[in-house]
Structure formats: structure tokens, C-alpha cells
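Use the sequences and the hints to build the structure in full.
Residues in the sequence shown are numbered from 0 upward in steps of one, following numbering that gives the first Met the number 0.
Rather than coming from a laboratory, the hints here were simulated on the basis of the structure. Every clue listed holds true.
Across the chosen pairs, the derived CB separations fall in these ranges:
no., residue 1, residue 2, range
1, Gly-65, Asn-126, 19 to 27 Å
2, Asn-46, Ile-81, 29 to 37 Å
3, Asn-126, Tyr-44, 19 to 27 Å
The structure displayed is predicted, hence computed values, not measured ones. Glycine included, every Cβ here is placed at the ideal spot set by N, Cα and C.
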Amino acid sequence: MKKILTALTVFLFVIMGFAGGAQAYSITTYSNYLSWLDAIDPNTYVNENFEDTTLEPNFSITEIGGTGTIAFGLYTNIVDSIVPRYQIFNYATGMYAFGGFFNLNDPGGPGSSIDVYINDDNTFVMNIPAIADDFFYGFVTDGSFLGVRFEEYAQAPAGYQETYYGIDVSLAAVPEPTTLLLLGFGLIGLAGVSRKLKK
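What follows is the structure in C-alpha cells.
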């Protein structure tokens, strides 16, 4: 009984560790969709293709300074440091990877590019250049986060802004802690049953 309680206590501390505060992330960026897909667990894959205004469950977009549009399979919005205007792509249960096909070249003409941050702790991830034309940009981390923020390039000349299309946005969701907890209790229960059968 003492061993089971010790194992349960350790397991609970591990689960609670996932809900910890600030994290220092190890980040790998990708410009190839297939390479990004190979780097994530396919069972955690979520894709929002903007075919209609009903977003995938747990996925939302926080729009600050102006509202974008969803039409014809595209999410269109603007980032502007003067207004300020920016967007946060959220996944309620957490994610460890984010990516998408973006076009900054066609809408609105040449702009200033987009800086991408992990919103939870303001970690800079990458820059999507103004020449992006339906190209994939994504990243995978070793930790979990709830949101990805798009802002105008920090060094943009005054008066510039960037209009962009989001064609598809994909992410890898973190398994819910309650699921892990149920799995842990199930494994402990199986160990107890097998121990009783051996006696």
C-alpha cells in the first residue's frame, strides 16, 4: 500500500508539473510542412482551414485593434505596431507545435513582415518575411503553451503595416492532464489487479 501511495504521489507531482508557470522553450522552426508533420505526434494534429467561420473546437483567435475576416478558405487580417493591431491564435487545452501556410505578398502589397511569439511568455520564435507567398512556417517546442501572437516586424519603418492571409493553420495539441491522470490511475489499478491474481 505504501508503494502505491508513493507512486501515486510522484505521478500527481509529474502531472502538476505540466501546469507550471514560465518555461524556457527549446524551439525548432520549419519551412517545410512535411518535415513539421514528421516532428509531431500525428494523434495530436489539429487543422483549421478557414472554410467557414466556425473554428475547430478549443481553437480561437483573439484580435486586438481590429477584426479580420474569414472567407473563401482564408483568414485575412493586419498587423500594425502603430495602432497597435495584432492577433493571438489560441488553443484552450495547450499546444506544443504551431504552423501554417501564409501569404504576405499578395494582400495589400509589400509590407513589413510578421514577428511570431509564444504569447504565454513573450518568447520570440521567428519572422515570416513580407515575400511569403503561400509558404509554410511553423515550429515545434519541448514545452506547452496556449497562444501564438502575430505582431508587425519590430524594426518596421513608421507608417508600414502588414496584411496577410492565413490559408491553413495547424497545431499539435497537448494531451489533457485529466486524460493522463485517468491513464495513470488505470495503470495503477491494473498493477493492483495483477498483484492480487499472483497471490
